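Using the sequences and the hints given, assemble the complete structure.
Numbering of the sequence shown is given in the numbering used here, commencing with residue 2 and proceeding in unit increments.
Bear in mind the hints are in silico, worked out from the structure with no lab data behind them. Just so you know, these numbers come straight off a predicted model, no measurement behind them. Heads up, some of the hints might be wrong.
Claimed, not checked - Ranges between beta-carbon positions, derived for each pair: (1) Q131 with P96: 32 to 40 Å; (2) V72 with E116: 29 to 37 Å; (3) N41 with Q100: 52 to 60 Å; (4) P150 with G64: 40 to 48 Å; (5) Q131 with W13: 29 to 37 Å; (6) V72 with E37: 16 to 24 Å; (7) N63 with Q131: 12 to 20 Å; (8) D35 with D56: 39 to 47 Å; (9) A90 with D45: 31 to 39 Å; (10) L118 with V18: 34 to 42 Å; (11) E116 with P29: 20 to 28 Å.
Beta carbons: idealized from backbone N, C-alpha and C, even for Gly.
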Amino acid sequence: MSDPSAVRAEAWASAEVVLKNEISRMLPAPLLSDLEAAYNGEGDLWTRVASDLIDLTTSAPNGYKCVLVGVDEGTLKAKLQLFWRCFVAVAMLPPARRQALGKITPCEDPLEKVEGLRAEIKRALPTFAQCWQPIRAEPRVPVTVATPPPVQPAAEKLQKQTLPEEDENEEVEIEDIAPVAKLGTKPAAKHTYDTYQKWDKIDYDAEERAVDYPTTVKIDVASLKAKEQPDFPA
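As structure tokens, this is what we get:
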């Protein structure tokens, strides 16, 4: 796993190859002149640029962490190569786009903000190269509060305490109580409580046969004719 000193050493080695090649191959002459003026000093341009930006690979502002620290060797080399190539891409961006990128990740005190091409590149490069990540707060563990048992009303408590216990083996006599008429009303008719015993004596089968098969009435035709003929005198 890479520590900050290992990251800086690898960043210098990568800048000597990747950054040097990208500056000489990709940057147009007018922009190259502007960078020479912005990164003024002794030595080659790539060394001056690397000296100004190498701290971004190992340190991050409050609330952020550097993703290059703590990774394996292969991942570190790939990310550092991308970091130096991103420098050339940010330098070639329009000023408005470069300034907008610089406002995403705060990397300096706003009261000490420096203007110019060099400052704009340094502010925009961490966001463009994604070498910093915000530190997320650990999720809070939900606190479970025990729910108290429901409070019973005082009247219900008193009623439960005063009720006698029932004996399962106790025999209870049930009396046949006739309906009692309310005060001020007439008693019900007698046939209301006759239990309809008269309906039990009806032969329902005979009643059905009488409807389905009515009784045939025999008529004496001879006697009817005799009645219809008058008796004439002899």
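Hints, verified against the model:
1. A C-beta distance of roughly 22 Å is found between Q131 and P96, which places it outside the suggested range of 32 to 40 Å.
2. Against the hinted window of 29 to 37 Å, the Cβ-Cβ separation of V72 and E116 comes to about 34 Å, which satisfies the hint.
3. Distance hint for N41 and Q100: a CB-CB separation of about 22 Å, inconsistent with the stated range 52 to 60 Å.
4. Checking the proposed 40 to 48 Å range against P150 and G64 shows it holds: the Cβ atoms sit about 46 Å from each other.
5. For Q131 and W13, the Cβ-Cβ distance of about 21 Å falls outside the hinted range of 29 to 37 Å, so the restraint is violated.
6. In this structure, V72 and E37 break the distance hint of 16 to 24 Å, their C-beta atoms being roughly 33 Å apart.
7. Taking 12 to 20 Å as the suggested C-beta distance range, the pair N63 and Q131 conforms, at roughly 19 Å.
8. Remark: the range hint 39 to 47 Å for D35 to D56 is contradicted by a beta-carbon distance near 22 Å.
9. Hint check: A90 to D45, Cβ distance near 20 Å, so the stated range 31 to 39 Å is violated.
10. Taken as a hint, the range 34 to 42 Å is violated for the pair L118 and V18, whose Cβ atoms sit roughly 24 Å apart.
11. Under the hint 20 to 28 Å, the C-beta atoms of E116 and P29, about 23 Å apart, fit the expected range.
The structure fails hints 1, 3, 5, 6, 8, 9 and 10 (numbered hints given earlier, in ascending order).
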